[in-house]
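Given the structure of chain A, go ahead and fit chain B onto it with the hints provided.
2 protein chains.
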Amino acid sequence: MNQDYIIPEAWSIVEEGFDKERVKSSESLFSIGNGAMGQRANFEETYSGPTFQGSYIAGVYYPDKTRVGWWKNGYPEYFAKVLNAPNWIGVDVGINGEKLDLNKCSAIRNFRRELNMKEGWYHRTFEAVLQNGTEIRVDVRRFLSLEYDELGVIMYEVTPLNRDAKISFTPYVDAGITNEDTNWDEKFWEPLETRHSEKEAFVVSRTFKTHFHVATYMHNTLFRNGEEIASVPVSEKAGDDRISLSYEISVAKGEKAGLQKFGGYTASMNHPQDKLVHAAQEVIGKAVEEGYDRLLEIQKKSWAEIWDMADITIEGDIKAQQGIRFNIFQLNQTYLGKDARLNIGPKGFTGEKYGGSTYWDTEAYCLPFYMVTKNQEVARNLLSYRYNQLDKAIENAEKLGFSHGAALYPMVTMNGEECHNEWEITFEEIHRNGAIAYAIYNYHRYTGDYSYIPEKGLEVLIGIARFWAQRATFSTAKNKYVILGVTGPNEYENNVNNNWYTNYVAKWCLEYAAEQVEEVKKHYVSDFSRIAAKTGIEHTEAAQWKAVGEAMYFPYSETHGVYLQQDGFLDKELIRVSDLDPAQRPLNQKWSWDRILRSPYIKQADVLQGFYFFEDHFTGEELEKHFDFYEPFTVHESSLSPCVHSIQAARLDRMEQAYAFYLRTSRLDLDDYNREVKEGCHITSMAGTWMSIVEGFGGMRVREDVLHFSPKIPEQWKAYSFKINFRGQLLSIHVKASGTEFELDGNTPVPVVINGRKTEVHPGTPVTV
Amino acid sequence: MNQDYIIPEAWSIVEEGFDKERVKSSESLFSIGNGAMGQRANFEETYSGPTFQGSYIAGVYYPDKTRVGWWKNGYPEYFAKVLNAPNWIGVDVGINGEKLDLNKCSAIRNFRRELNMKEGWYHRTFEAVLQNGTEIRVDVRRFLSLEYDELGVIMYEVTPLNRDAKISFTPYVDAGITNEDTNWDEKFWEPLETRHSEKEAFVVSRTFKTHFHVATYMHNTLFRNGEEIASVPVSEKAGDDRISLSYEISVAKGEKAGLQKFGGYTASMNHPQDKLVHAAQEVIGKAVEEGYDRLLEIQKKSWAEIWDMADITIEGDIKAQQGIRFNIFQLNQTYLGKDARLNIGPKGFTGEKYGGSTYWDTEAYCLPFYMVTKNQEVARNLLSYRYNQLDKAIENAEKLGFSHGAALYPMVTMNGEECHNEWEITFEEIHRNGAIAYAIYNYHRYTGDYSYIPEKGLEVLIGIARFWAQRATFSTAKNKYVILGVTGPNEYENNVNNNWYTNYVAKWCLEYAAEQVEEVKKHYVSDFSRIAAKTGIEHTEAAQWKAVGEAMYFPYSETHGVYLQQDGFLDKELIRVSDLDPAQRPLNQKWSWDRILRSPYIKQADVLQGFYFFEDHFTGEELEKHFDFYEPFTVHESSLSPCVHSIQAARLDRMEQAYAFYLRTSRLDLDDYNREVKEGCHITSMAGTWMSIVEGFGGMRVREDVLHFSPKIPEQWKAYSFKINFRGQLLSIHVKASGTEFELDGNTPVPVVINGRKTEVHPGTPVTV
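Just so you know, the protein sequences line up as chains A and B, in that order.
Using my numbering, you'd call the opening residue of the first sequence number 1239 and step up by one each time.
Using my numbering, you'd call the opening residue of the second sequence number 1239 and step up by one each time.
Here chain A stands alone, though its shape is the one from the complex (with noise of 0.2 angstroms):
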């Protein structure tokens, strides 16, 4: 832990006092979004102290040119970035003539944020001792509103608390930005054109390279103790890329001067390009229309809805409480699934690291938490992304010499093209394929909706053998196939050869491909016969896969009784993490890359990232084994290892160890445990925190159709529950020391396996068991 300022509230994240070194971690956690829009905390006004400035839009993102020490063939050219958008949130306050300004003001006294996640608003309150002795006590709201997704609110309120003052109010609109993150310092937007009346104004602008069209809108009205003004005059300033308005309140001394300001983006992805500016002002009618106060109560019915099948609660632990609301919160912040060309960046709108939005973690880590807590075309959604993106998938894999259709899904991406650049990640961490196969694999399990694999489904896992199939390589030495030349999910090994999880992963998309191949050919004929001509699918390859499958080659200590991590593991120094100076961590920090690279230590979950995959086809025995073998040499160093290692400690019934694990993945940006949330925060891992409850705690598991449920309780808890919607009906299980209760809330009865026993749940009926 590095931080513990956040107050742990069950509903809300709440920050009190002001401290100038915790405003970029703030404007981190306090950052709010709607799926379509982000915006970090940065405050409304002039903030002339440390910040980082972070405005985004929903696949609106720049190609970034690559910057590289030494190129090697196959690198991409770009790397497209999430980038920073124009600013639409920005209003000056001025005081009897002074600029309200936090890092000059000579007192403030109880600064308070507070997001509620409850309702999905964020709320600032201060009082403030200007330079000119004016106190003002400032109350601003913020939301981005769910259900017009291109809007955004704002009520801004200052009091004079001892004296009358003049208030005035400049709000702008701004493209003039930077990105922090930035290979080549270059701009990234182009102004347009802009527009503007005494209320409103509109800069519309682009993005270089994509040309990405945005309109960044503002509609301003004022009000006096609550009362809006009629009218107030304005004095406008335009530049090429910043409208600003600025009007001027007269207030007496416990008065309050209010502007309500709306704001935001119509884009080029979603309106005619010379449609931008209509529609903004179509937005903005509609805001006019709904007003304030109805836009607020219908943010709050929006997010009651998505609580209503997300929440987590836990009794008895509040600091949990709040970190799995937290993530719940945030991801929901960041995709909802409404738009198949979106996907889940690992900053969310939080930040800008990392660049891409699209990870291997969302099938791994992010599908999951989509697939059970909403409805399932969310999660189709997710894999239609892959699909949508498979031609490019193809042409990557060319790029690196296979053919015929073989098809390899890109580290990192905004639209299918490969943006990384080192060679051991992009060029061989090539695993992120096997995630894309079982994702589909985990939709059918988890959804029982088979349609999605002759539709879509089955062109990509028939790309993802095919390269799977040409990248073995057959060893005369070992009468094997062997896959050489990988980096698995541990990082820290680059270029071994049969990483377990790689050659485990590869067999198993080659056989499941072949498998679906059978059952469409089978039973959608013509779904078969569309995908055999698109695809120039032989009749001979599914068997060839399955050859290059059953003959895949697996590392394997007899001494140890474990499958190696890969080739030589055995040859390192086996010295565990926990006789290691802690002066030597984060290793990341510390050692050089070869140092890291020859030690045995692990970054994430590798082998055990299989195990959790596919945990049935193994023994409890076996996992024990791989788990003590493996977790001592865990470092955890990656966002996305310790939910994995909680769920399969929960497994072995070791709950101390599943909850010291939960812990630290759930409150990893709120205590700031990697000391980096000013960057951002990890969204993809919050999925993961969503997983160590559900699957670890719960033991939910999806077998034949059935659900299963093993639930432990950690001691510190009272109770917990989750809801999850299974096939279109929603399950509660609410966990207690003394019993698990399920309840239905739909038409059918659910068939559910307790620790090995079944039972029904019936619709209405809570059971106990």
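Simulated from the structure, these hints should not be mistaken for lab results.
Be aware that a few hints might be false.
Because identical chains share one entry, a pair is satisfied inside a single copy or across any pair of copies.
What the hints assert, rightly or not - No more than 25 angstroms apart at the CA atoms, straight line, and that leaves these computed lysine-lysine pairs for PhoX-like:
no., residue 1, residue 2
1, Lys1637, Lys1828
2, Lys1425, Lys1303
3, Lys1475, Lys1996
4, Lys1828, Lys1630
Quick look at chain B alone, frame taken from chain A:
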């Protein structure tokens, strides 16, 4: 072969005819240097076509901020670069008011360049028709004095052919130059001061960051028909970093107008910083005193002395003759061994690529050439260079986690600090340490001079042995020491385990260092106590090194009866290079990096490099087996590869193959095999060419203080001869099909072994065997 415009002559490099496409290539091939400075064959006069300007001062470098995509701990902050130095050669030429520019003339006739290697000058002549109709003949000779190594000389003569003409010469010195190779497009030079008079000009500038101060100077004399003109009116132009002096001479048709320009550099490496202009004036004084003709005579004499010891003649194969002389000439232009602060950059003074001046090439390839063709101080200076940088090598190892005086020499360096920034090279290509120790052994073996070891060498050996002892890992699984995560000489493999070459050279270093510790302890008591005090060597250390060396693991294939290049080599798909589609080559331009890595293809000798260094540890049969196993997978995409193979093919009596490898290495740049000569020549591999003849065809070896030869002759040749300085006496070897003649220029008979038969060569009495 990619070009063949160089006209074969025994002593000269000649180009005839002007072709803009060849300008950059010829700029590299016709480069001149004198060990202290160098100059690409840029035109003196303005040239508006594509050109690569390059002037270089030995030892002057710039630490360019590292550019990298993904930073790793341990990467150096800077890459020390050879940098383009201020221009001293420039002479703008006006003909009846029109600027001479070969890119803009109406016609160019009889264009000819000659680089006279025997005498060390570069000569360019041509006739041009200007746009104004004036026809002129131009004749320019340029050389860098070996005797006065801060002095360059230009004689620039213009004869109008069809009318009288006003010829203006505007010589200049210019520090406002840029670099082709810069990571961030920065300027590397800061101008400090200028001074000039009617005949002379000085620009003092310094490199940013490193603060090398340099005075760039010129001194001009005008001639009409070879007669000095006492006084010519001058008009001057002096900026911050550039001074030009303009002179005009009227000549009648057929008369010759001449400019003699002395110029060059004085640098703060060799003079007090505030005396640079003074030092330059002294050089000018000497040059004026000697005069042009005498300076040229001295130059011929200096080169005659070099050739007297270093020349190799080849009869019956003019291209091979030209090739070997070009290689010997370039090596001598680059490094003369007078200054232990300097070393042999991979491009010498012919380009900027690769930066740094020192690679393992120096010890592995260049040392033998300098050791055999020069007095032994030169080789000693090359060794001392590493001794002087031992502290930096220890620091470098510390950055990577080593301790207790372990030393890791840099992959690329200027001043001892590591420059390179690719983890797989910088951190893992550690075999370089082995070549540095081997050079000490090699020096002692050849020169018989043991004194270097107690004096300096032992400290280096101790640092290197400590590194290997710490870098090896004890594998309990193998009950042997293993070396994990390395890149061998074959850089087409990265991060492999138990690279045979690395393990072998490590074992050898450990054992050799242990023996030298014992030797010095016994016979050089006072040296040992000094070294022991300085290094803190413990009395058990040498025994530990031996123990690690003795228990070193070597991958071996019983099936093939060969050592394996690394663990897992036999898992690869072993398709021979000859069975590869030629369209796939060169691999480094056609294949992505992962594909290269998992292929069996070898960039340059790796196991065979070990067999080259330690030939006497293996039987001829073993060599043959390994050569036949590895050569078929070798693509020779390193300039350092063919020479080792040529030597071994000769040893195996495969003269056709040996000759083919020889041709490829000796004319690599002249015929531009790698399509990159315009970036500069491959200087260090030129020493490999020399080895191909002396050690390959000549079969020269030193065993137990005795010279061995096994002369062979390619059937394309009538005869060839070379000389070697063996322990202060000059032995000439003349090989013909009918027999080999030995001749000794010295005082003491030299025992030699020819094809296994012992004989003696007596001074002044040729022996034919």
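Subject >> Up to 25 angstroms CA-CA - Lys1630 versus Lys1828, copy category >> reply: between (38 angstroms within a copy, 20 angstroms between copies)
Original post:
Checking Lys1425 and Lys1303: alpha-carbon separation at most 25 angstroms within a copy, between copies, both or neither?
Top reply: both (12 angstroms within a copy, 22 angstroms between copies)
Original post:
Between copies, within a copy, both or neither: which fits Lys1475 and Lys1996 at Cα up to 25 angstroms?
Top reply: Cα proximity of Lys1475 and Lys1996: none, with 71 angstroms in one copy and 98 angstroms across.
**OP:** Could you place Lys1637 and Lys1828 in one of the four classes (within, between, both, neither) given a Cα distance threshold of 25 angstroms?
**Re:** The answer is between: 10 angstroms across copies meets 25 angstroms, while 36 angstroms in one copy does not.
In summary, the structure is inconsistent with hint 3 from the numbered list given earlier, while agreeing with all the others.
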